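**Q** One letter stands for each residue in the lines below.
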Amino acid sequence: MAYDLELSHVAKVFENGTVAVDDFNLQVDKGEFIALLGPSGCGKTTTLRMIGGFEDPTGGTIAIRGRVVNDLPPERRPTSMIFQSYALFPHMNVRQNIEYGLVVKKVPQKERRARADDIMEKLDLTGIADGAFDGLSGGQRQRVALARGLVVEPDILLLDEPLGALDADLRKRIQTELRYLQKSLGITFVFVTHAQSEALAMADRIVVMNNGRIEQVAEPEVLYTRPRTGFVARFIGRNSIIVGTITARDGDIATLHTEFGPLRGRLVEEDLPVGSSVDFVIPSEVMELYPEASAQDPAVRDMYGGNVLLGKIRAETVVGSLVVYEVDICETITVELESHVDKYGRAFAAGTPVCVTWLPSDGHVVSA
Amino acid sequence: MATVAAGAAQVEPGGAPGQPLLQVRNVTQCYGDKVVLRNVDLDVCAGEYVTVLGPSGSGKSVLLRLIAGFEDPTEGEIDIGGRNMVGVPAHLRNVGLVFQNFALFPHLKVGDNIAYGLRNRAYNRLSAGAADRKVDEMLELVGLEGLKDRRVNQISGGQRQRVALARTLATDPQIVLLDEPLGALDANLRASMKVELRKLQTRLGATFVHVTGNEEEALAMADRIIVLERGQIAQFDAPEKVFARPKTAHVAFALSRFNLVGGRVEGGAFVGDGFSFPMPPGESAAAGPATYCVGYDRVDVEEIGTPLPEGYSSIVCKHVSHEYSGATVTYLFDLPDGQHFEAQYHLHHRKAKRLEGGTDYLLWWPANKAFVYLEVME
Numbered sequence: 001m002a003y004d005l006e007l008s009h010v011a012k013v014f015e016n017g018t019v020a021v022d023d024f025n026l027q028v029d030k031g032e033f034i035a036l037l038g039p040s041g042c043g044k045t046t047t048l049r050m051i052g053g054f055e056d057p058t059g060g061t062i063a064i065r066g067r068v069v070n071d072l073p074p075e076r077r078p079t080s081m082i083f084q085s086y087a088l089f090p091h092m093n094v095r096q097n098i099e100y101g102l103v104v105k106k107v108p109q110k111e112r113r114a115r116a117d118d119i120m121e122k123l124d125l126t127g128i129a130d131g132a133f134d135g136l137s138g139g140q141r142q143r144v145a146l147a148r149g150l151v152v153e154p155d156i157l158l159l160d161e162p163l164g165a166l167d168a169d170l171r172k173r174i175q176t177e178l179r180y181l182q183k184s185l186g187i188t189f190v191f192v193t194h195a196q197s198e199a200l201a202m203a204d205r206i207v208v209m210n211n212g213r214i215e216q217v218a219e220p221e222v223l224y225t226r227p228r229t230g231f232v233a234r235f236i237g238r239n240s241i242i243v244g245t246i247t248a249r250d251g252d253i254a255t256l257h258t259e260f261g262p263l264r265g266r267l268v269e270e271d272l273p274v275g276s277s278v279d280f281v282i283p284s285e286v287m288e289l290y291p292e293a294s295a296q297d298p299a300v301r302d303m304y305g306g307n308v309l310l311g312k313i314r315a316e317t318v319v320g321s322l323v324v325y326e327v328d329i330c331e332t333i334t335v336e337l338e339s340h341v342d343k344y345g346r347a348f349a350a351g352t353p354v355c356v357t358w359l360p361s362d363g364h365v366v367s368a
Numbered sequence: 001m002a003t004v005a006a007g008a009a010q011v012e013p014g015g016a017p018g019q020p021l022l023q024v025r026n027v028t029q030c031y032g033d034k035v036v037l038r039n040v041d042l043d044v045c046a047g048e049y050v051t052v053l054g055p056s057g058s059g060k061s062v063l064l065r066l067i068a069g070f071e072d073p074t075e076g077e078i079d080i081g082g083r084n085m086v087g088v089p090a091h092l093r094n095v096g097l098v099f100q101n102f103a104l105f106p107h108l109k110v111g112d113n114i115a116y117g118l119r120n121r122a123y124n125r126l127s128a129g130a131a132d133r134k135v136d137e138m139l140e141l142v143g144l145e146g147l148k149d150r151r152v153n154q155i156s157g158g159q160r161q162r163v164a165l166a167r168t169l170a171t172d173p174q175i176v177l178l179d180e181p182l183g184a185l186d187a188n189l190r191a192s193m194k195v196e197l198r199k200l201q202t203r204l205g206a207t208f209v210h211v212t213g214n215e216e217e218a219l220a221m222a223d224r225i226i227v228l229e230r231g232q233i234a235q236f237d238a239p240e241k242v243f244a245r246p247k248t249a250h251v252a253f254a255l256s257r258f259n260l261v262g263g264r265v266e267g268g269a270f271v272g273d274g275f276s277f278p279m280p281p282g283e284s285a286a287a288g289p290a291t292y293c294v295g296y297d298r299v300d301v302e303e304i305g306t307p308l309p310e311g312y313s314s315i316v317c318k319h320v321s322h323e324y325s326g327a328t329v330t331y332l333f334d335l336p337d338g339q340h341f342e343a344q345y346h347l348h349h350r351k352a353k354r355l356e357g358g359t360d361y362l363l364w365w366p367a368n369k370a371f372v373y374l375e376v377m378e
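Keeping their order, the protein sequence lines are chains W and F.
Heads up: the first sequence begins at 1 in our numbering, then just goes up one per residue.
Heads up: the second sequence begins at 1 in our numbering, then just goes up one per residue.
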């Protein structure tokens, strides 16, 4: 069975020689919500524009439901694109904006009306169908843009930072709405964002990009708990990273030489040999705090495989039931721990000397 | 001691720490027939960081404008440092303002933006040399050394926010008022500016009043939170106290961390369409329409048939989907009557669950961590 979307060895080299996208491979199933995530300049928007037909790839093929679309212009592809700026027409009312794509496709007026009515109802826009563009709130404009993209019944909806123009509070609400909508319509969404929180909350799978290349494709949870590269670990989540060298291996557990002495962690790539330079990635929620004296306790050292570092609480920030500790380790790095206020009570105020521990199996060793 | 120009209402630097620096006394503000603030009473102590949380239309920005002196209240009094400020124009109140849109001069350099107030204010105007030294001091304070000669349109959003802050702090205001100061920044930047802003305030020992629609900012940054609800103070307390016991259903709603289930109190229980919970200990059992409230993080998800521990309330409902946000996972459920219910697992505290969409699960929570409000949310 053909994938809804398949990119094979897709590349884009601009005329000035800049490599925007390099050897991009991805298969997307029908109904998947895919996020392309990365810093600005990573190639995510160029990739989206190539899928939509707004840029031509300089290599590779793009297929939608088994049909190669490389040579088709945007209006002949079964895709719709929602731009960050929405690109709505200010002189048209809500209905006219939504019907525009159908007018272009020469859909008869009666059918246009019916299809626009249907999508407006799904997106809760019926009440403002005749509303002028100027009177719309940011959230309403966003929904009108979505309706305009969906009314042409695309196989794939492409979204370029669609929440970027909304203020932060609205963004969070629309994010949940968008996910519900996508699941109920069952249409494939490909979504570009530089905000990890959006990608983590909405996407079924996330494609993390850096310098035109894919770093990792994974479900949000896997990306968070099993980053494959130092880049992913730095970009996603609240990880602390210690650099080191592998000195010994025992199954998938490696012993590392670090500035804090020997530490032990789980190898993400099995084939990293002794002597490799690595990043030791420690997620914020796997670390535990103990009173300083526990560092001398052989039972504690034993339990955590020697992953016991002395530190001092720099700051404690409580946000509802969540508490974030910033802990200075040996005056060289600061690690962040996120916990639930019930877990330690309020035993670790700023200035308290502590030790920080984690299980070897909870820390990820990835190539630097 | 700086010379104070005639007519300036500048007052001595705020009283001893712990003494009210700002007092809002019984303030009501009307526009025509519309009452936007009603009988607002509050004290802010010198050195405090106070956040004002409320949805749009709650009157939070109006409160800030009244303190700043852009408007005078219809009724009531605003005292700063023990002096009544009603009738004193904004530029003579010695309060500083930081806006969401930064309100910088795009054609001026960073340094000139910061110096603007120092060179042009009504009193205590600084010489060019003194203003220049102050600008350097401020740039260092906000971590923008080296950007003095850059134009404002050549720097990033986060840097602009710092310039706006530096410009305000340069005038040594008694109170710094911030109107959604992080609202225009993207999520990543917002998180780091949140920490920086609070550190800066602590270091300076300054008094900050920060208006926001974002509950996370309000909870994380404040010594005390004011929750505004339709022009009135619904609660004014330390964040942990507000979170532990929101005074009204609207306060709980504003914090975005609580399940709020509509129903009624009947025969000593909270009853909804297709479910019923025993009344939490200590809650009024007076019959009538009501809202049941329990924190997302208090709810456990179990397989149907798991024995219910002593002192817990429970419900069976259908799992819809989950949202992953790194260190926490939120599981979304539908109650029998279609209302939403959420369970949030913090992964440092509890192990994540693998749940099937469309399947029923048993949810439980400690009965004494739930509240019942005799009010109904619209």
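Calculated directly from the structure, the hints in this document are not laboratory data.
In this text the structure is predicted, and so the values were computed from the model without any measurement.
Hints may be right or wrong, so weigh each one.
[Said to hold, decoys possible] Every beta carbon over 12 Å from chain F, so not counted as near; a handful from chain W, in silico:
#, residue
1, Asp-71
2, Leu-72
3, Pro-74
4, Glu-121
5, Tyr-180
6, Ala-201
7, Thr-247
8, Ser-284
9, Glu-292
10, Ile-313
11, Asp-328
12, Leu-337
13, Pro-360
[Said to hold, decoys possible] With a straight-line Cα cutoff of 30 Å, these simulated DSBU-like cross-link-like pairs (lysine-lysine) come out:
#, chain 1, residue 1, chain 2, residue 2
14, W, Lys-183, F, Lys-353
15, F, Lys-148, W, Lys-30
16, F, Lys-241, F, Lys-134
17, W, Lys-312, F, Lys-134
18, W, Lys-183, F, Lys-351
19, F, Lys-199, F, Lys-109
20, W, Lys-343, F, Lys-109
21, F, Lys-34, F, Lys-134
22, W, Lys-312, F, Lys-318
23, F, Lys-34, F, Lys-109
24, F, Lys-109, F, Lys-148
25, F, Lys-369, W, Lys-343
26, W, Lys-343, F, Lys-134
27, W, Lys-343, F, Lys-318
28, W, Lys-343, F, Lys-194
29, F, Lys-134, W, Lys-183
30, W, Lys-343, F, Lys-148
[As the list claims (entries may be wrong)] The following label-pair restraints were derived from C-beta to C-beta distances:
#, chain 1, residue 1, chain 2, residue 2, range
31, F, Ser-256, W, Asp-29, 45 to 55 Å
32, W, Asn-70, F, Gln-154, 36 to 46 Å
33, F, Arg-83, W, Lys-183, 16 to 26 Å
34, W, Gly-306, F, Ser-56, 26 to 36 Å
35, F, Gln-154, W, Thr-334, 54 to 64 Å
36, F, Ser-321, W, Leu-72, 29 to 39 Å
37, W, Asp-250, F, Gly-305, 22 to 32 Å
Yeah, the Cβ is synthetic: ideal placement off N, Cα and C, and Gly gets one too.
**Q** With reference to the structure, classify each hint as holding or not holding.
**A** Evaluated hints:
{"no.": "1", "hint": "Asp-71", "in the structure": "holds (37 Å)"}
{"no.": "2", "hint": "Leu-72", "in the structure": "holds (34 Å)"}
{"no.": "3", "hint": "Pro-74", "in the structure": "holds (28 Å)"}
{"no.": "4", "hint": "Glu-121", "in the structure": "holds (18 Å)"}
{"no.": "5", "hint": "Tyr-180", "in the structure": "violated (8 Å)"}
{"no.": "6", "hint": "Ala-201", "in the structure": "violated (5 Å)"}
{"no.": "7", "hint": "Thr-247", "in the structure": "holds (29 Å)"}
{"no.": "8", "hint": "Ser-284", "in the structure": "violated (6 Å)"}
{"no.": "9", "hint": "Glu-292", "in the structure": "holds (20 Å)"}
{"no.": "10", "hint": "Ile-313", "in the structure": "holds (15 Å)"}
{"no.": "11", "hint": "Asp-328", "in the structure": "holds (14 Å)"}
{"no.": "12", "hint": "Leu-337", "in the structure": "violated (7 Å)"}
{"no.": "13", "hint": "Pro-360", "in the structure": "holds (18 Å)"}
{"no.": "14", "hint": "Lys-183(W) with Lys-353(F)", "in the structure": "holds (21 Å)"}
{"no.": "15", "hint": "Lys-148(F) with Lys-30(W)", "in the structure": "violated (53 Å)"}
{"no.": "16", "hint": "Lys-241(F) with Lys-134(F)", "in the structure": "violated (40 Å)"}
{"no.": "17", "hint": "Lys-312(W) with Lys-134(F)", "in the structure": "violated (34 Å)"}
{"no.": "18", "hint": "Lys-183(W) with Lys-351(F)", "in the structure": "holds (26 Å)"}
{"no.": "19", "hint": "Lys-199(F) with Lys-109(F)", "in the structure": "holds (26 Å)"}
{"no.": "20", "hint": "Lys-343(W) with Lys-109(F)", "in the structure": "violated (49 Å)"}
{"no.": "21", "hint": "Lys-34(F) with Lys-134(F)", "in the structure": "violated (44 Å)"}
{"no.": "22", "hint": "Lys-312(W) with Lys-318(F)", "in the structure": "violated (44 Å)"}
{"no.": "23", "hint": "Lys-34(F) with Lys-109(F)", "in the structure": "violated (42 Å)"}
{"no.": "24", "hint": "Lys-109(F) with Lys-148(F)", "in the structure": "holds (7 Å)"}
{"no.": "25", "hint": "Lys-369(F) with Lys-343(W)", "in the structure": "holds (16 Å)"}
{"no.": "26", "hint": "Lys-343(W) with Lys-134(F)", "in the structure": "violated (46 Å)"}
{"no.": "27", "hint": "Lys-343(W) with Lys-318(F)", "in the structure": "holds (29 Å)"}
{"no.": "28", "hint": "Lys-343(W) with Lys-194(F)", "in the structure": "holds (24 Å)"}
{"no.": "29", "hint": "Lys-134(F) with Lys-183(W)", "in the structure": "violated (56 Å)"}
{"no.": "30", "hint": "Lys-343(W) with Lys-148(F)", "in the structure": "violated (46 Å)"}
{"no.": "31", "hint": "Ser-256(F) with Asp-29(W): 45 to 55 Å", "in the structure": "violated (33 Å)"}
{"no.": "32", "hint": "Asn-70(W) with Gln-154(F): 36 to 46 Å", "in the structure": "holds (40 Å)"}
{"no.": "33", "hint": "Arg-83(F) with Lys-183(W): 16 to 26 Å", "in the structure": "violated (59 Å)"}
{"no.": "34", "hint": "Gly-306(W) with Ser-56(F): 26 to 36 Å", "in the structure": "violated (53 Å)"}
{"no.": "35", "hint": "Gln-154(F) with Thr-334(W): 54 to 64 Å", "in the structure": "violated (31 Å)"}
{"no.": "36", "hint": "Ser-321(F) with Leu-72(W): 29 to 39 Å", "in the structure": "holds (34 Å)"}
{"no.": "37", "hint": "Asp-250(W) with Gly-305(F): 22 to 32 Å", "in the structure": "violated (41 Å)"}
The structure does not agree with the numbered hints 5, 6, 8, 12, 15, 16, 17, 20, 21, 22, 23, 26, 29, 30, 31, 33, 34, 35, 37 stated previously, though it agrees with the rest.
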